[in-house]
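Listed here are the chains, written in short residue letters.
Number of protein chains: 2
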Amino acid sequence: MESKKPAEEPLERPSIKEIKNEGTAYTLPSKDESQRPVIVPPTKPKIRYSLLKTGICYDVRMRYHAKIFTSYFEYIDPHPEDPRRIYRVYKILAENGLIQDPTLSGADSIGDLMVKVPVREAEEEEILQVHSRQHLDFISQTEQLERESLLKETEGGDSVYFNNDSYLSAKLSCGGAIEACKAVVEGRVKNSIAVVRPPGHHAEPEIAGGFCLFSNVAVAAANMLKSYPESVRKIMIVDWDIHHGNGTQKAFYDDDRVLYVSLHRYQLGKYYPGTIHGNYDQTGEGKGEGFNCNITWPTGGVGDAEYMWAFEQVIMPMGREFEPDLVLISSGFDAADGDTIGQCHVTPACYGHMTHMLLSLAKGNLCVVLEGGYNLDSIAKSALGVCKVLVGEPPDELPAPKKQPTPEAKKMIETVIRTQSKYWSCFKNRHGNDGINFKDAITSTLDTRNFPLQNAIREYQVSQLSSQFNFVQLPILDLNLPANTMLCTSGIQDSETLVVIVHDTPEIWSERDTQTGIIDPSSSIIVDNALKMINWAMDRRYGIIDINIPQTLFEHANYPGVASSQEILIYLWDNYLKFFQNLQKVAFIGIGDAYGGIVHLLGHRDTRSVVKCAISFLDKKPLKVMVPLIDETLGDWYFKNSLVFTSSTHSCWGSTANENKKLRKKYGRVLKADCDGMTNIFDERFEEATDFILDSFEEWSESE
Amino acid sequence: MESKKPAEEPLERPSIKEIKNEGTAYTLPSKDESQRPVIVPPTKPKIRYSLLKTGICYDVRMRYHAKIFTSYFEYIDPHPEDPRRIYRVYKILAENGLIQDPTLSGADSIGDLMVKVPVREAEEEEILQVHSRQHLDFISQTEQLERESLLKETEGGDSVYFNNDSYLSAKLSCGGAIEACKAVVEGRVKNSIAVVRPPGHHAEPEIAGGFCLFSNVAVAAANMLKSYPESVRKIMIVDWDIHHGNGTQKAFYDDDRVLYVSLHRYQLGKYYPGTIHGNYDQTGEGKGEGFNCNITWPTGGVGDAEYMWAFEQVIMPMGREFEPDLVLISSGFDAADGDTIGQCHVTPACYGHMTHMLLSLAKGNLCVVLEGGYNLDSIAKSALGVCKVLVGEPPDELPAPKKQPTPEAKKMIETVIRTQSKYWSCFKNRHGNDGINFKDAITSTLDTRNFPLQNAIREYQVSQLSSQFNFVQLPILDLNLPANTMLCTSGIQDSETLVVIVHDTPEIWSERDTQTGIIDPSSSIIVDNALKMINWAMDRRYGIIDINIPQTLFEHANYPGVASSQEILIYLWDNYLKFFQNLQKVAFIGIGDAYGGIVHLLGHRDTRSVVKCAISFLDKKPLKVMVPLIDETLGDWYFKNSLVFTSSTHSCWGSTANENKKLRKKYGRVLKADCDGMTNIFDERFEEATDFILDSFEEWSESE
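Top to bottom, those sequences are chains A and B.
So in full-length UniProt numbering, spot 287 of the first sequence is number 287, and the numbers just go up one at a time.
So in full-length UniProt numbering, spot 260 of the second sequence is number 260, and the numbers just go up one at a time.
Here chain A stands alone, though its shape is the one from the complex (with noise of 0.2 Å):
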């Protein structure tokens, strides 16, 4: 605006026939416009997507398919993969109205929003395309087995079931899959829905697996790359599965022109398929490096937040620098709220907006293609969710409470961003250090450069402590150590009473440059907490034994320099304390990680004649076991001697529901924080915990 003075460059003039069509910015138009010349013909609309209808495709016949009924068990605790699962879909769709077909029994004519696309049987060829003969030649074996082959064939796979239906069921699911596609690619439906099983996404091309037998997805999106090679070059499939799906990534591992990204549950390869191909570092190969992308929740229990975050953080800035000329959706609803082997808590109104988001790319290019998801109420609603965004409704509003994304999804997808970094440039640069391999900067030794900065730190404290306390080194003749890991006040050898701290190193806090991931020393501050301890047990005029414990780089465990705080505090036991003759009282205080060599020490060998208790702060480091070997009545002795502080977040308080969850005694006394963060329980918590002390030295009487 910045009006008074004329604008820098000059506006744009008008040419002679624009100002005779459009009159000057000075001539008023007519009052009566209707004499002015027509300039606009009537025009057909220029565009095409909102003026179509939503393609569906659904078959009774792919209920045929079903698991041989062989005990009652089976018929009052179904299979999962259940026939019912696509009728109960169509039949949430016609309650509302999406779709109008009263008998559900597929009509042709089904109203206003949607159209039938109808389904057929995957060709052979198109099979083929992704499955070897062989696996084809067995699937469709099944058609002649006799019962008892059946149950054996059934018996021997992966997780998959036949009837003599079960090929034909197939090949219609799959043809469906290819259909719906097809409908979107050639412009007869806006968008689509195939609404079929059994799934495919297990089924790699070798072999059926997790009740999958041809891999639909797979299978349409092939197809489409080779009947449509100008209109169809790229693809990009996104599995919300709550099971990896192994046999697309597999279809397409090598291909640059499928980019197949799969949200799963991993939990270290154990949950279903349960294999490493399905870890967030499996990123493709050959020409297809760069154009797989595994999103792997650590646990289950993740709802819209993860999936908003993941959706946001990740699938949308790379579907939108991949620019896809056709999405997929391997829509599995076992991710969704209520679904007992998913166990995870996605609404109808989080799919509807993953499905909103996902129609911004591609020009709104959009199949959806049914694959799990086992609890019928909930694969209705969610499906309901999808289709009503792909008529064009907008999404429902997500329900509340609107949490945050748990900290070890963040953390999940932060890691997801720093491995795809390398090979999508919306990412680049998000996470610093991209072009540094960061663990072998750290475990050069050919560098001289590059120094731990433990060891700086360290350093400062030693130097600290002697030039204000007169600490000195405690030696450590043994092991091979820093000669600075144990300090002590002087004359400790002759001490009444001892306080031994065992921290990690201390915290840092500090801004960091988000674009290089370098920290600027300059507003960088180590917060030493032990030191808080010190002041206090230096005015008390206290022996202090000060031990730290650096962490392992990067669980390189040969570092030189690391060793356990379990090998170092019975060594001070067995070296020291044990011969020191005056020694009454010990205290022990654990910070953070290092405190298990307390725990240990307190197990292994008999210290009740001086150790009068052991303090230790967490924060959300995890708890320890006492495992008594000296004698029984240890794990009593440590309960009853022991605080341990933890955050309010500590992952051993559970959820919200278990909040007042007591904890076994093998852990000591383990008390929640109100706070979160090593110093703020500090801060919180230091008078409890010398008057802990105090009272275990019984010297209050000399202190109030």
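Hints listed in this document are in silico derivations from the structure and should not be mistaken for laboratory results.
There's no promise every hint is true.
Intra- or inter-copy, both count: the list cannot distinguish identical chains.
Straight-line Cα separation of at most 16 Å, EDC-like style, residue types lysine to aspartate or glutamate; simulated pairs [as the list claims (entries may be wrong)]:
no.	residue 1	residue 2
1	K270	D520
2	K234	D158
3	K422	E687
4	K666	E146
5	K410	E699
6	K403	E323
7	K403	E321
Owing to the predicted nature of the structure, the values given are computational and were not obtained by experimental measurement.
Position chain B against the provided structure of chain A, taking the given hints into account.
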């Protein structure tokens, strides 16, 4: 799936009724489905949105408000708020078939996609919901003013103009915005656009400004809240005009019912409207605190990447958490590519994507109201991008090249998120240290737990240099500096050849917890590039002086131990170097900001008898000008004998347009590395640097 063992929780069991209606899993459906009972009666769609059209408000009478023509200059270079603006928007919609109105007269029946929402004059009572009676009276009297008075008011106002139709146009513009909202709220249209002028968002309750007479969007929002208290309880206004909507912000600054989010150029408050009210830290007051969000671009030039980033990182999560009942877009198109006032580069496709995203809020209840935008082609194309999405088209693909948001824009978004994280739980724990007053923590002298990390790092350097190379301290007597600021090889006073290295605190590469902002010491390393140079110089048996210049802590200039490199270098020269009897050749090496001291010294003392060269590694740190105080020829000398290595992305290289830009000689010989990052540049240019030193020392004969 985990198929072979039964699911841990029992699957849902079908009720008898369900079994009857649906068949069971093990009863194959009849192959003649048409004989099954009708179970879903013909159903009216339970959806409303996609069946409705998009509303449009347009009325040619709003073209009557125009600047009175006072000179030929104004004819050929018309005022940017040009009556043709709304005409051109309407016209492009007709040209693309979104509306059918061959005469472009604002016909009543305009086809299947959009529907005319008649424009009316806003009522006094409606306007008074936002504006004062005084302001209303002032605008209304312009209807009666003589030409001279109109020109006088135009002259006197803040970027507004008046003619006798201004009041009518302003009332129509305001009424159009109201009617467009009303049609959405009453469910007559699915969403709407008000193609209106004069714009509104700069008009404050008491005063017109910035081409705006009445605050259209604010008036519409206030009246929706008043007239539909049940259905419209909360409104989100997204203002993507390139200027801050000071009027809209002011109208609801203390109102928690309206969330105002503006994206605009700010430029330290120098861009129109040019007040601090547009800054990111203006978050509302009273009940409205936390319901105002300014996203402030530091400069022009932003485009799709920055807007998409702002939407996905800030606006969408915030919008979902706010749960508005209605979303209004204050839709200026002056951030559009081609607008010479905005000088930004948002494409029509990006306007489509932003609209698409906002449609996922408030169940699609969205009303777009035109604000600024001054390139007639740009606003037409941008509006088409918006309207296509409104009627149900997918957004177009964002055009290549898809860039990253600029670092400055990303930083700004970080700042906005940090600022808003006080109010919005979606931003909590996004940026670490939320609960910590970082600045206080660092500069506090009370808390004995805190140490600047820089001190620890220097201490460690000292221990390394003294143990490996027998460095000693070079005493600093008069300056109040840490004793370890200057180190040197032993016998320095007798050196013939000397390398003086002046460096910032070295870099720390680190992994940092994005939740807490705490870095993990176990995965942090110090990367001390100076050491590479020291090793080289040690090999050649040169004397070495190592000078450490810690960065100022948060501009807390009095922090002990911080001094300028200028001061130290002058001190070094005046107290040491100029007295060294044997000294013949000196090379200065600067690393980071600290290099400024070298440039300063070379200009302020005549060191040419011994100094042979000055080589600096800046990465992205700012260039320093050599001020030749000694004599004029120093400038040339410096240029000839210096190398200044900068990052390929150093700001001195400007945009890609002037890539081969030559920098002025006063900066020395500035070179552009092929890479980015101090360590990368060091590796790339180390040999060039040392060759230059050898050259300047004329030591080639010895070494080659």
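Between copies, within a copy, both or neither: which fits K666 and E146 at Cα up to 16 Å? Intra 58 Å, inter 92 Å, cutoff 16 Å: neither.
When no copy is specified for K422 and E687, does a C-alpha distance of 16 Å or less occur within a copy, between copies, both, or neither? neither (50 Å within a copy, 29 Å between copies)
First find the shortest C-alpha distance between K403 and E323 inside one copy, then the shortest across copies, and answer within, between, both or neither for a cut-off of 16 Å. between (31 Å within a copy, 14 Å between copies)
At most 16 Å between C-alpha atoms: does K410 with E699 qualify within a copy, between copies, both, or neither? neither (47 Å within a copy, 56 Å between copies)
When Cα atoms must be at most 16 Å apart, do K234 and D158 count as within-copy, between-copy, both, or neither? Intra 32 Å, inter 53 Å, cutoff 16 Å: neither.
16 Å Cα threshold - placement of D520 relative to K270: neither (40 Å within a copy, 28 Å between copies)
Between K403 and E321, at a C-alpha cutoff of 16 Å, which is it: within one copy, between copies, both, or neither? Only across copies: K403 and E321 sit 10 Å apart there, 29 Å inside one copy, limit 16 Å.
Checked against the numbered hints above, the structure violates hints 1, 2, 3, 4 and 5; every other hint is satisfied.
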